[in-house]
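Asks: Those sequence lines, one after another, are chains A and B. Be aware that the first sequence starts at 2, since it is given in my numbering, and climbs by one per residue. Be aware that the second sequence starts at 2, since it is given in my numbering, and climbs by one per residue.
Keep in mind the hints are simulated off the structure, nothing from the lab. Note that this is a predicted model, so its numbers are computed, not measured. Incorrect hints may have been included.
[Said to hold, decoys possible] Derived pair list, reagent style BS3-like, types lysine-lysine, alpha-carbon separation capped at 27 angstroms:
1. B:Lys251 to A:Lys407
2. A:Lys265 to B:Lys562
3. A:Lys603 to B:Lys576
4. B:Lys74 to A:Lys68
5. B:Lys407 to A:Lys307
6. B:Lys407 to A:Lys251
7. B:Lys407 to A:Lys248
8. A:Lys562 to B:Lys307
9. B:Lys603 to A:Lys610
10. B:Lys68 to A:Lys68
11. A:Lys307 to B:Lys603
12. B:Lys265 to A:Lys562
Single-letter residue listing:
Protein chains: 2
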Amino acid sequence: MNQVRITDPFWKGKQEFVRTAVIPYQWDALNDQVPGAAPSYCIRNFKLAAEKIQGKTKIKYPIPRDKWEFLPKDSEKDSFHGFIFQDTDVYKWIEAVGYSLANHPDEKLEALADSAIELICKAQLENGYLDTLYAINDPDKVFTDLRDKHELYCFGHLCEGAIAYYHATKKRKLLDATERFADFIYDWFVKEDRKGYPGHEIAEMALMKLYEETGKDKYLTLCKYFVDHRGERPYYYDLERGEEPSKDLKYQYQQAHLPVREQKEAVGHAVRAVYLYSGMADLARVTGDEGLRLACRELFEDITRKKMYVTGAIGSTHMGEAFTSAFDLPNDMAYAETCASIGLIFFAHRMLRLSVKQEYGDVLERALYNTVLSGMAADGKSFFYVNPLEVDPDRVHGDERMNFVKTVRQKWFGCACCPPNISRLLSGLGDYLTTSGEEELFLHLLIGADMDTDFGKISVEESLFEDGGLSIQISPKKAFTFYLRVPAWVDQAQVLCGETKDSNYPNYLAFEIKEDTVLSLKFTFGPRLIQADPRVSENIGKVAVTYGPFVYCLEEADNGKHLWELAIDPSTTWKFSGNNLIANGYRLQESPTEALYSPYEKPHFQATKLTFVPYHAWGNRGEGEMRVYLSAR
Amino acid sequence: MNQVRITDPFWKGKQEFVRTAVIPYQWDALNDQVPGAAPSYCIRNFKLAAEKIQGKTKIKYPIPRDKWEFLPKDSEKDSFHGFIFQDTDVYKWIEAVGYSLANHPDEKLEALADSAIELICKAQLENGYLDTLYAINDPDKVFTDLRDKHELYCFGHLCEGAIAYYHATKKRKLLDATERFADFIYDWFVKEDRKGYPGHEIAEMALMKLYEETGKDKYLTLCKYFVDHRGERPYYYDLERGEEPSKDLKYQYQQAHLPVREQKEAVGHAVRAVYLYSGMADLARVTGDEGLRLACRELFEDITRKKMYVTGAIGSTHMGEAFTSAFDLPNDMAYAETCASIGLIFFAHRMLRLSVKQEYGDVLERALYNTVLSGMAADGKSFFYVNPLEVDPDRVHGDERMNFVKTVRQKWFGCACCPPNISRLLSGLGDYLTTSGEEELFLHLLIGADMDTDFGKISVEESLFEDGGLSIQISPKKAFTFYLRVPAWVDQAQVLCGETKDSNYPNYLAFEIKEDTVLSLKFTFGPRLIQADPRVSENIGKVAVTYGPFVYCLEEADNGKHLWELAIDPSTTWKFSGNNLIANGYRLQESPTEALYSPYEKPHFQATKLTFVPYHAWGNRGEGEMRVYLSAR
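Pulled out of the complex, with its shape left as it was, chain A reads as follows:
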């Protein structure tokens, strides 16, 4: 693993927010110390599990099917409380802490994390099993409801947290506990050949990480076991419930409707989907499984060519937090969960490791610079779970079915997956900048950073948004080819200093590195109007404004109410104003009339200036309308 320190002020600032605001807030949240927020019960459950294991109480409690949340009002005092996956709150926190400590040592924070790890390990059963829901309520029932109880999901997050923490601190305690749990899972499923697989995926990608970290084949075997049995007939989920094996396709929600190599379309819960595909991509890379590689490519293309918003958001509908049909991308009713875009980044990065392609990097950037950043407020203190491309507060408040859309970022969420996910992604951003081959290193993201890699030290500085500049200093340990991704948004890439050689990868510049080298480049790019495929019925006749990897939007604060009455002149010149863009456009003249419907008249437009702000920065000035797409005329 490379050591990467982000130096880019923009991204470093985001990491600082995570370190100084999000991680402490998150700690309070999982300790139920945030006034006004729904309690997490996370630490409370670990404490209770530890007590139970020490034999202080022995009473068992039911863990009914189709129950996702255990509220104190209908649970016993010494039973599990909260959502069934609440253990992950602390695992994600530890992961973010791990990445943060790697960037920025902090003794107090490390001590706090050590104490949390101490507690977690006390909640582990003798046999290695570790999940507070079952440890507290009934250890005899573990893994009897794979479809809906999230034990393997919790395991996956434990794994990711343990590895990140180990990297930062070299402390093995949590990693050892993780391996013991992984060994238990291996015995349970592979040895006993139970043919089950996770209801909520993530264990697959986590096991690949654990395998690559430890080199232990059994974790690779376990991952492959889960991947291979998914979607087999008769369905495991039918069998575990004692239900008649269903004849029809079922379990799309969990991507378990078909064997994974036969899956061509992304379906069901979007986060689960991209977590699974990420694990599949890792497995394909390590095993060279061609069927799996093809499935990954088809699924990636299905998502990014048919089911992805221009902001890199995925999962159009809040019902089942799911993918819908191809080209169904409603702007106002978009679900577009922050976590799903984070998962898409995982997937895109793994596709880059599998085979280097400009488009994978483009997708990664699209999700990162827009939906993921939009998920956190400019001050790091509030969050979006849902990321629509169009908001009219009057409509949101007037229609109960839009309740899932929030017009301003929220402090926290009952199901608090997104804020911790943002914090672990941003803290660990360094991992996404590069991939490498035998004698090749690929720089995919144009973000200032100091990197210590197997090939040597690399230092990237960018002034892209000032003068298009990018400079890279390389001190190699050995000879290698340095590849630099030229994103699709670049009109022209000029090499000012350095010598390119023929590239094996389209849209990647190649440099032979044998000695200390300084590369200097100038990328020419400007604001662009982007159109969606005409099969996206919502956006016919409309365009979105982009500048580099950033999507822009209109806000009421700059452009007044009724943003839908604005149109842009496609031949506009552009002005820059801080981070904003100013363009020439038109405003439809409203002719006041009492009639809701009247005979058509040629519309009158008045020239006006339009102010666009980066999409990720919207909603930082109170409530108001926002809109990404607008008419071109």
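Position chain B against the provided structure of chain A, taking the given hints into account.
Replies: Below, chain B alone, put in the same frame as chain A:
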């Protein structure tokens, strides 16, 4: 009351469908004789109630709050089954039968209705109370859950059915039973001054009908009692549940958030709303209550100027079947319930009785010729509950949250309000053609009919859609002024035969009638492009095609897939082809590319012919895309 026989072939045909297809089907449905349809339990409940009253069983069963449906699987065998309002199924059937018999005597049908009435009367308690839910499960609990149990709603439909049946047959049995129940309700509420009012309105308008039919003041008093107490603080609904009186506005869903005279905006459940407003309009007319009249006008204008689709549909959201904010009229996610448009017709007609205005007639026509007609298939055998203005089957099937939209009409519905509501409206259509004053008769709808009125016989013939012709023969019993509404869709009204006089009502032609008179008119009108108020964000840059009172739409069957890629030339000439309209337009050329997002290019359009079908006729050729609004370019 006037006697009206519809002679217009188009409308007579619809009435015939109701008589020959819908009414028999409905009878089977309420007798649980429709294979594959969810049982109604309606007749079953009346039989059981009759048995209970005869003392065959005496066991009581609970009627829990927040329970709307009693399924056999979780109910005792001899307890109430089905939705709590299931009694109305037979009442609406009797109402439709009554209107149908008036148009078309049918001994067998009448005998069947008599037998149903016999049964209903057996289910009436000694004290006059009549509702099978309480009669069966617990007669001691009547009227203890006004908010959610629909006893007064059932009463309202009983009333409407009884009056229609009495008019057709002069048989008083059901009307007598109704009066006994009304007397019980009067004693319960007015005498005891309980200050309650219906949760689901309709009793208000039904009581006004009963008052005007019987001349008994107590029914007027009871109606006024319900209207006046609605929205009073503390809220009755809080009190009846023993809840703390709420300080905030509550009960918008039931239009009980404010005293009715303070209500300026239509809110909550759309059907309930327009039923209430209809009752209020009748009460205002009869009592001359100015505050009530103003409230009715404001509410009517709020609906029709801010919350009504071009098809006369109302209630944008399926959540709570409710109104949303002003100008929030999504085309694809429209709820637009058939029953709500029927209620809007009730309301508009009552506004016409309150004060004659062209706009009320326009709204009535808009709802009748479009949403209501669309509710029933061309063969009268299947129905829409939900009437969107845009359907893309791929999107509907791909997104669970669009499950409420049906792409083809359904045979029947579990909550079967719409088909019987269509059948009673169409059967009773004659009632909506005219209103009258002391010495004035107003013809609002231009539908061929023979009418026997207090002023004499009037015969209307129209050939509007062939040659714009309208001819009216009048044989007066006494001198009166005949007013003829000129709809807003008429460009020019020419009187070929007859002499107009100065009209007191804008857009109504006035004729002094003293002797046998023949009026002959020619209305000039053609297809029109209609635009929505620009505050309807959905429809910016788009138009709808109308011709006379009919809204038109594009269907995939005529225009191919991807209807959103079509645009109309606003200066098009028009061709008629049967009931269809052909216009000049354009189709966006799709340039196939793998990229979902690409730099903007000026779009290319190819000239094409567009075929429009009347909105009410859509969906009669299998599943396919449909769209009312399209771009103008």
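Asks: Evaluate each hint against the coordinates.
Replies: Here is how each hint holds up against the structure:
1. B:Lys251 to A:Lys407: Holds, because 22 angstroms separates the two Cα atoms, which is no more than 27 angstroms.
2. A:Lys265 to B:Lys562: Roughly 24 angstroms separates the two Cα atoms, so the pair holds.
3. A:Lys603 to B:Lys576: 22 angstroms, holds
4. B:Lys74 to A:Lys68: Holds - the C-alpha atoms of Lys68 (chain A) and Lys74 (chain B) are around 22 angstroms apart, at most 27 angstroms.
5. B:Lys407 to A:Lys307: 24 angstroms, holds
6. B:Lys407 to A:Lys251: At roughly 22 angstroms apart (the allowed maximum being 27 angstroms), Lys251 (chain A) and Lys407 (chain B) satisfy the hint.
7. B:Lys407 to A:Lys248: 26 angstroms, holds
8. A:Lys562 to B:Lys307: 17 angstroms, holds
9. B:Lys603 to A:Lys610: Holds, because 21 angstroms separates the two Cα atoms, which is no more than 27 angstroms.
10. B:Lys68 to A:Lys68: OK: Lys68 (chain B) and Lys68 (chain A) at ~22 angstroms, within 27 angstroms.
11. A:Lys307 to B:Lys603: 22 angstroms, holds
12. B:Lys265 to A:Lys562: 24 angstroms, holds
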